[in-house]
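Colleague: Sequence:
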Amino acid sequence: MFLAINGAGLGHLTRCLAIADRLRMRAPESEIVFLTTSIAVPQVHQLGYQCHHIPSYELVAPAVGPAAWNMHFFRMTEEVMQLHRPEVLVFDGGEPYLGLRRVINLYRRRLRFVWVRRGAFKRDFKVAKLRAAESLFDRVIVPSEWGEALDANAIGPSDRVSRVAPVLLLDRDAALTRGEALESLALDVGRPVCYVQLGAGNINQIGTLESAVVGWLRDAGFRVVVGRSPIALRRLWPSSAERVITDFPNARYFNAFDLAVLAGGYNSVNEAIAFGLPAIFIPNAATAADDQARRCFRACAFGAFEVLEDVSREAFLAAVGRLCPAAFEGRIDQTVSCVNGAIQAAEIIHSLMRTPAGR
Numbered sequence: 028m029f030l031a032i033n034g035a036g037l038g039h040l041t042r043c044l045a046i047a048d049r050l051r052m053r054a055p056e057s058e059i060v061f062l063t064t065s066i067a068v069p070q071v072h073q074l075g076y077q078c079h080h081i082p083s084y085e086l087v088a089p090a091v092g093p094a095a096w097n098m099h100f101f102r103m104t105e106e107v108m109q110l111h112r113p114e115v116l117v118f119d120g121g122e123p124y125l126g127l128r129r130v131i132n133l134y135r136r137r138l139r140f141v142w143v144r145r146g147a148f149k150r151d152f153k154v155a156k157l158r159a160a161e162s163l164f165d166r167v168i169v170p171s172e173w174g175e176a177l178d179a180n181a182i183g184p185s186d187r188v189s190r191v192a193p194v195l196l197l198d199r200d201a202a203l204t205r206g207e208a209l210e211s212l213a214l215d216v217g218r219p220v221c222y223v224q225l226g227a228g229n230i231n232q233i234g235t236l237e238s239a240v241v242g243w244l245r246d247a248g249f250r251v252v253v254g255r256s257p258i259a260l261r262r263l264w265p266s267s268a269e270r271v272i273t274d275f276p277n278a279r280y281f282n283a284f285d286l287a288v289l290a291g292g293y294n295s296v297n298e299a300i301a302f303g304l305p306a307i308f309i310p311n312a313a314t315a316a317d318d319q320a321r322r323c324f325r326a327c328a329f330g331a332f333e334v335l336e337d338v339s340r341e342a343f344l345a346a347v348g349r350l351c352p353a354a355f356e357g358r359i360d361q362t363v364s365c366v367n368g369a370i371q372a373a374e375i376i377h378s379l380m381r382t383p384a385g386r
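Under my numbering, the letters of the sequence shown match residues 28 to 386, in that order.
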């Protein structure tokens, strides 16, 4: 049973889906179910999984207070567990809520608990608090990021922590070919194509920035495809891009693109590296704990990438100019390992399914 906690984006849920897909290949006889606070339930169904939903606290506050929400979270989680009777519960979220802590305390002798968590946090993050939360779980799985070993702010492993390679939902060889992707997008071969995805817009307003970026790219000779999140809560704004897509996962189209302009989330950055897609990263500084700027600057060691924290027309077009050789002359050579950490994570979870609970 995967418990993915998402409010503003799709990061936690996407990682869980990546691991679930590899677990399904590893143990096809297993029943895999989801419980999530994300509104992306249709996307989970689309990939072939049963999915139960709990409204996130952010969606119900302030009408529902923290104590009442945690009680509802506990009861709903318990109901789903009683329905499906999982051997392992895999939690992917920033930290275990009080409702989840109660579940763990009551059921620790009946099933195994796994926490999938990020390895790098903002500088003010309290490591002692993290270690205390880790002690609740049988195993902690940390999906790595390229260059993370060089990052002094990466939270290293403890005895119960397993670090795996970067986790990707879609392997590069599973994506559409360039011809297939262009055909699906109804784009002819010709001028270079740029993909723009600046996040869901649920944390920060991105409409004005997106419109500006699309205009600058068109002026630079690019055809533009905008990716919109299927869980965007705000009203969609019009776009002057040639195409607007809300598919999931959009990485299936990456071979069609010569350049990308992306936010600095875990999935976007690691997918760009894995696919060798030249990109301009615009990190979101408004996240609570995820240090997108650090992630983006680390990525620059692994390909044709630029980072813009302060975006202006002049700075943006200068970055495009520096990346144009990569964009116009073909993809950069892929020199980093593309081992998918989802396979490693699935193997860890599968091993727990065969061992008795209780500590």
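Keep in mind that the hints were calculated from the coordinates and are not lab data.
Among the clues, some could well be false.
Unchecked claim - What follows is a set of in silico ranges between Cβ atoms, one per label pair, in the way DEER data are often shown:
1. D215 to E374: 24 to 32 Å
2. R135 to D246: 38 to 46 Å
3. H111 to R136: 41 to 49 Å
4. T382 to G217: 55 to 63 Å
5. R340 to L86: 49 to 57 Å
6. L110 to S267: 18 to 26 Å
7. R136 to E210: 52 to 60 Å
Positions of the beta carbon are idealized from the N, C-alpha and C atoms, including for glycine.
Colleague: If a hint holds in the structure, say so; if it doesn't, say that too.
Modeller: Comparing the hints with the structure gives:
1. D215 to E374: 24 to 32 Å: 43 Å, violated
2. R135 to D246: 38 to 46 Å: 59 Å, violated
3. H111 to R136: 41 to 49 Å: The hinted range 41 to 49 Å is violated for H111 and R136, with Cβ atoms some 18 Å apart.
4. T382 to G217: 55 to 63 Å: 56 Å Cβ-Cβ, so the 55 to 63 Å window holds.
5. R340 to L86: 49 to 57 Å: 36 Å, violated
6. L110 to S267: 18 to 26 Å: Cβ of L110 to Cβ of S267: about 48 Å, so the range 18 to 26 Å is violated.
7. R136 to E210: 52 to 60 Å: 54 Å, holds
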